[in-house]
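**Q** With the hints as constraints, model all of the structure from the sequences given.
As a plain string of letters, each chain reads:
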Amino acid sequence: MNKRILEMIGGRLAVAILSLFLVSLAVFFITELLPGDTAQELLGQAVTTEAASQLRETLGLDRPAILRYFEWIFGLLTGDLGYSHVSDRPVASLVAERLPNSLTLAAVTMAITIPLALSLGIFAAIWKGSIFDRAISSVAIMLVSFPEFMIATLLVMWLSVYLQWLPALSFIPTTADLHTVVLAYIMPVSVLVFGSCSQMIRLSRAAIADAMVTPYVEMAMLKGASRSRMVLGHALPNSVAPIVNSVALSMSGLLGGVIIVETVFNYPGLAKLMVDGVSTRDMPLIQTCSMIFCGFYLVLITAADIIAILSNPRLR
Amino acid sequence: MTKYPKTAGETLVSIEDLRVTATTDSGRTIEILKGVSFDVRRGEVLALIGESGSGKTTIALSLLAYARAGCHFSGGHVLFDGVDLITLDEGARRKLRGNKVSYVPQSAAASFNPSKKIMDQVVEVAEIHGILDKASARDKAIGLFRSLSLPSPETIGDRYPHQVSGGQLQRLAAAMALLGDPELVVFDEPTTALDVTTQIEVLRAFKSAILDRGMTGVYVSHDLAVVAQISDRIIVLKDGEIQEAGKTEQIVGAPAHPYTQALISAFEPVEAEAAGSRLTKGAVLEMRDVVAGYGNMKSDGKPHIIAVDGVSFALQRGHSLGVIGESGCGKSTLLRVAAGLLPAASGACVLDGKDLRPQVSARSKDELRKMQIVFQLADTALNPAQTVGNIIGRPLTFYHGMKGETRDKQVIELLDMVRMPAQFRHRLPRELSGGQRQRINLARALAAKPDVLLCDEITSALDTVVAAKVLELLKELQRELHLSYLFVSHDIHTVRSLCDEVMVMFGGKKLETFAAADLHAEARHPYTKLLASSLPTLDPGWLDNLKQDPELVRKFAHA
Amino acid sequence: MTVSTAPRRKIRFQIRPIAAVCLLVVLFWIVVALFAPLLVHYPAGDMVSYDYFGPMSKEYWLGTDYLGRDIYSRLIVGTRYTIGIAFVGLILAALIGITLGLLAAAFGGVFDTILSRAIDTFVGIPNLLLALVIVAGGGSSIPILIGAITVIFFPGCYRFTRSMAVNVNALDFISAARARGEGHFYIMIHEILPNIAGPIMADLGLRFVHIILLLSGLSFLGLGVQPPNADWGALVRENMIGISYGSPAVVVPSLALASLALAINLLIDNLPQRVRDQLE
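Protein chains in written order, with the working numbering: chain A, 1 to 316; chain B, 1001 to 1559; chain C, 2001 to 2280.
Derived by calculation from the structure, the hints in this document are not laboratory data. Given the structure is predicted, the values throughout are model-derived calculations rather than measurements. Treat the hints with care, as some may be off.
To be verified - Some chain A residues judged to face chain C by a derived CB distance under 8 Å, without partners named:
hint, residue
1, 23
2, 153
3, 286
What the hints assert, rightly or not - In silico DSSO-like cross-links for lysine-lysine, where the CA-CA straight-line distance does not exceed 27 Å:
hint, chain 1, residue 1, chain 2, residue 2
4, A, 128, B, 1095
5, B, 1469, A, 3
6, B, 1469, B, 1449
7, B, 1509, B, 1354
8, B, 1134, B, 1117
9, B, 1298, A, 3
10, B, 1116, A, 128
11, A, 3, B, 1116
Said to hold, decoys possible - Far from chain B, some chain C residues (derived; all Cβ distances over 10 Å):
hint, residue
12, 2032
13, 2045
14, 2109
15, 2110
16, 2194
17, 2195
18, 2265
No residue lacks a Cβ here, since even glycine has one placed at the ideal position from N, Cα and C.
**A** Here it is in structure tokens:
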């Protein structure tokens, strides 16, 4: 039976690698083939066509797209991430500078969001119908409906402009002490937590609620089990798969949140780098950033799938 | 249980004028129990008999101070040892459940938590109520497993629920209910989901457990014959009211209430027509050496999982062929193969002398028209988004090109044919009762003007009295329209009352075919005899007197 | 025998008060979007006041923005952009997703497997990221924005429709139709679709919320609707410096967006039980 688990996990990994390959195709061809001329863009509108075609040649843009795709993929795999024509630096060094900042932001957010959202969702399910449950559900549906930039701007207006407690921007000088760093992180992390926890609360509560109406939970109740034993002992072990799935899904939202939050607070992360890259149409930079983000996302989704497989008692 | 006379003890439970009300989504309230009163005395087993919607399960759950979501107690008392359970708070109710009153569910397969080991769930009762420490609870559970004659009692608890059979799970659920030495055990249709051969093993285990302990029990069932084997007294319920209450012998021997009499009459033996009493006019449907199954083809041209393995039969024109067997024997798959829904891997299907292609898409409209399939569950066999008129009308348009008023007239005629009023054509399936839906299901098949009806357990999901009426309708239709039936069922009684010939299947293979009247002949296959003898009768001594070859049971029963 | 006509079918819906309020809010914004030209006080692009980030007043109901334009008028016109682009994108995504989902469920087999696998690729890219990539490649014209929304949201429609349709497809009445000899298209349109239409509509409602949030996010980043035009997200972006003045120019478009999103979410949360049961 363990062989079957290994086979399924192997299958999931193969699918993840295939997906990453297809994603790379999508990213490359969307950025390269949609109308919009990089050379023209770099030189500005007022340039002659000769100058543009010359630049295209130096950039290698005149060769067939499929060839350039394989060069790009080969480069990605060997660590050669290309050259940013806009900032005149290798993409690798730009990314190396920014990636740790984004990872810190995401990691801190996840470390707070996952335990917070799951426990709120589970407690709401335990006390289903109570005031606590209704309050949590109402807050969650509001947070799902509010855009991150609205939460961010309102927080800035309140905490930075009105109360003047926190800095409005999160640019952290390297010499800053811990106090400054923590202060700088409070608002971006709060916005991200608000943004990503609501979906997780709703989905985990729904997953438990689904399990709560099964005959085996009713049986537990007829054995005299308390509400918390029914939820924690019987419903929860059978809801691992949907809950883990909800966490993975929320990560898509978290990434969207990171893009907004880094822009609002001028946070020196990878997402801000990419947004700037889009404004300047810095294709090598955009392609690399996309692949990094998709790579992380796929790792999380695959990890969730594997946990779900492992939690299925029929495979034990 | 006349053989073990007991002295009736003092009253343990007294239900007085119990009323339970349910609220539907649209805010309407329905009375599920309309004032029910009865007593349960210590040391007796009381049976609650009734069809779906009679309120029997609601009463059973009220003994655990529980009303399902959407229902609430709206009046009366449930006095357990003098304490009114309805007035207890949630904490006191928890102390009662599993400890003083315990519950054996209908489907143990669904009632065991799939992700926890069986033993952990069985001893959980002791853990919740602090009755025993873990080690002695385990020992006690193993003792219970042994007394319920479960195989390898020492280790069966270490398995997960999906690793043991349905009959074993049902007994494990009983062990779980007995672990806390409750004063009252509530059995909620505990053998309904089982095959007949398995049911006997489970019933025997229950009965000896009840007798050994002098247990007080409430046994809920729709099956009078099962209840006759195990109970001392019977209460007959209908639509939330008690129709009749009395000693088991009186209820099954001399029922006073007309409703009870109707229930009993469904058990009266029907004499099958003697073999050869009807003329044969040649086969209308024939299948030869049919092999079919699921999954990819293997190198030998057979499917990965074989469900039907080399079955042949011939259905005579105007006759009925019954196919019986227990769950998983391939009888329903055989029907799907005949209808072309599951293409056969090999073998021939001949309709009216013409070879049919295996898959439905390759058959001509006229071939399809001649053979119609009727499914077991009318709830899912009728499109919930279409009115009855459209459901019956579609085959008229599809096969016969009827439209507008002609079609509407034909629909009304078909409704009349299945004994339903014309205005029902404007209703949606959810606005019909189970029996009515099954009639619409039939009418849709008849709309095609078929020669052959493929009937898949079409009376199994219906209540006894309703099922008997549908069977009667089938017989009338056969006479009027010269239909031929291929009638699949797990119930040998039903098949015998309807069919001319009977085919017995086991493990995908045909064991034998014989004239329905010869069911009890000496020459029958041992498995056929086992099936026939496993069907409970109203005689309260039936289970005790039943002798079955244990070797045979081991070979064929899934227990 | 007389053939009677069908009686009028009574539809019993219990509408909760909160659902009614939400429905009014949604209708309000739809009316605003439809009749925007009749509702504005000044042309949305005109600088009408020398007072930038001016307060709410009788002339300028919601104050003025960073260039002294009337925020009320810009908000009304912005409603058109936000709802219009999102709606067209939703319709396209729904048409593609629902059609493919029904086809996949009705035909099954290899067709289903290949289609599902290919479409899963898009699900492997987070929404806003995919939007950035498309805008990077194609620019941020309105057709590209609509195309991006379609590409990003049709896989979700596909997966939802397919999973609902597959559930229905397994029921006996579909087997009965197949055994009768009905074709795939009849089964798709007449047997499956009517049974999943309600849940699909509710799902599209939720998707519409995701679309307006995504579109506003994109505009907020400066990559959506381009100046001088502005949707709600772009209105927030261009007035960001107004934060320090506590200007309504930043808050009002955000509130408009939040009110519409919340109203739709709450409306769907409070649908009649029968529809919600199917949603799970």
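**Q** If a hint holds in the structure, say so; if it doesn't, say that too.
**A** Quick rundown of the hints versus the structure:
no.: 1; hint: 23; in the structure: holds, 5 Å
no.: 2; hint: 153; in the structure: holds, 6 Å
no.: 3; hint: 286; in the structure: holds, 5 Å
no.: 4; hint: A:128 - B:1095; in the structure: holds, 22 Å
no.: 5; hint: B:1469 - A:3; in the structure: violated, 53 Å
no.: 6; hint: B:1469 - B:1449; in the structure: holds, 22 Å
no.: 7; hint: B:1509 - B:1354; in the structure: holds, 25 Å
no.: 8; hint: B:1134 - B:1117; in the structure: holds, 14 Å
no.: 9; hint: B:1298 - A:3; in the structure: holds, 22 Å
no.: 10; hint: B:1116 - A:128; in the structure: holds, 24 Å
no.: 11; hint: A:3 - B:1116; in the structure: holds, 21 Å
no.: 12; hint: 2032; in the structure: holds, 34 Å
no.: 13; hint: 2045; in the structure: holds, 50 Å
no.: 14; hint: 2109; in the structure: holds, 12 Å
no.: 15; hint: 2110; in the structure: holds, 13 Å
no.: 16; hint: 2194; in the structure: violated, 4 Å
no.: 17; hint: 2195; in the structure: violated, 5 Å
no.: 18; hint: 2265; in the structure: holds, 21 Å
Of the numbered hints listed earlier, those contradicted by the structure are 5, 16, 17.
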